[in-house]
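Line by line, the protein sequences are chains A and B.
Anchor point for the first sequence: position 41 equals 950 in this note's numbering, and the numbering is continuous, going up by one each time.
Anchor point for the second sequence: position 109 equals 111 in this note's numbering, and the numbering is continuous, going up by one each time.
A portion of the hints provided could be inaccurate.
[What the hints assert, rightly or not] Using C-beta positions, here's what the derived DEER-type ranges look like:
| no. | chain 1 | residue 1 | chain 2 | residue 2 | range |
| --- | --- | --- | --- | --- | --- |
| 1 | A | L969 | B | G43 | 20 to 30 angstroms |
| 2 | B | E41 | A | R968 | 26 to 36 angstroms |
| 3 | A | T929 | B | E41 | 24 to 34 angstroms |
| 4 | B | N69 | A | E992 | 20 to 30 angstroms |
| 5 | B | Q16 | A | P979 | 44 to 54 angstroms |
| 6 | B | K70 | A | S996 | 20 to 30 angstroms |
| 7 | A | L1026 | B | A81 | 38 to 48 angstroms |
| 8 | A | G949 | B | N20 | 22 to 32 angstroms |
FYI, nobody ran anything at the bench for these hints, they're computed from the structure.
Note that the Cβ used here is the ideal one computed from N, Cα and C, for glycine as well.
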Amino acid sequence: DTGVSQNPRHKITKRGQNVTFRCDPISEHNRLYWYRQTLGQGPEFLTYFQNEAQLEKSRLLSDRFSAERPKGSFSTLEIQRTEQGDSAMYLCASSLGAGRSSYNEQFFGPGTRLTVL
Amino acid sequence: GESVGLHLPTLSVQEGDNSIINCAYSNSASDYFIWYKQESGKGPQFIIDIRSNMDKRQGQRVTVLLNKTVKHLSLQIAATQPGDSAVYFCAENTGTASKLTFGTGTRLQVTL
């Protein structure tokens, strides 16, 4: 257990429905990341926050996706009008970053497995 | 739990042998390289990292080698144990936003 928690662990939904996932990072970590992982692939970066500010979004994050981190602690990732291609594992990670470009170890949560029928 | 990496390259080693997992990276501007281990149903777990100004770093039973000339990274696991069975990913960080770019994973199977 890395200290990063994600809920729910599994979500099955019908195409066209909206879903929301939650991530609780390690409490003192100021950076929070979302990644998506499909079977047989490595995780792909979606977006990241430094405190409550969303500083970068991948082109993978279509306008149906929105992420928030309102108080700089937990984060939510919402997918609107889900499509079958959204089926994947959604991973959250957190780290303690000193500056915008500094690297620090990222700790990953267990992920939320989304299945869109 | 679900299976991670159904069609990944697989390395099969006997318990007690040493394992070497290789990775090619693409961005010569990357400043850190990281190895992660992922077991079925779990998120990636940090193993070891190396900064781009180093060519070797050792941890407990693991060694990472970096060859910037050919953009190659390897992970060596000494005395491989059944608990080492997992999918291993290399990742690189370019310093901007600290986002990680993951490579293709390798499934390590440890046979008794």
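Hints, one by one, checked against the model:
About 23 angstroms separates the C-beta atoms of L969/A and G43/B, a value consistent with the hinted range of 20 to 30 angstroms. At roughly 30 angstroms, the beta-carbon separation of E41/B and R968/A lies within the given 26 to 36 angstroms, and the hint holds. For T929/A and E41/B, the hinted distance range of 24 to 34 angstroms is satisfied, since their beta carbons lie about 27 angstroms from each other. For the pair N69/B and E992/A, the supplied restraint of 20 to 30 angstroms is violated, since their beta-carbon distance comes to about 41 angstroms.
Q16/B and P979/A have their C-beta atoms about 51 angstroms apart, which keeps the hinted 44 to 54 angstroms range intact. Roughly 37 angstroms separates the CB atoms of K70/B and S996/A, a value that falls outside the hinted 20 to 30 angstroms. Checked against the hint of 38 to 48 angstroms, the pair L1026/A and A81/B passes, with Cβ atoms roughly 45 angstroms apart. Restraint check, G949/A to N20/B: a C-beta distance of roughly 26 angstroms satisfies the suggested window 22 to 32 angstroms.
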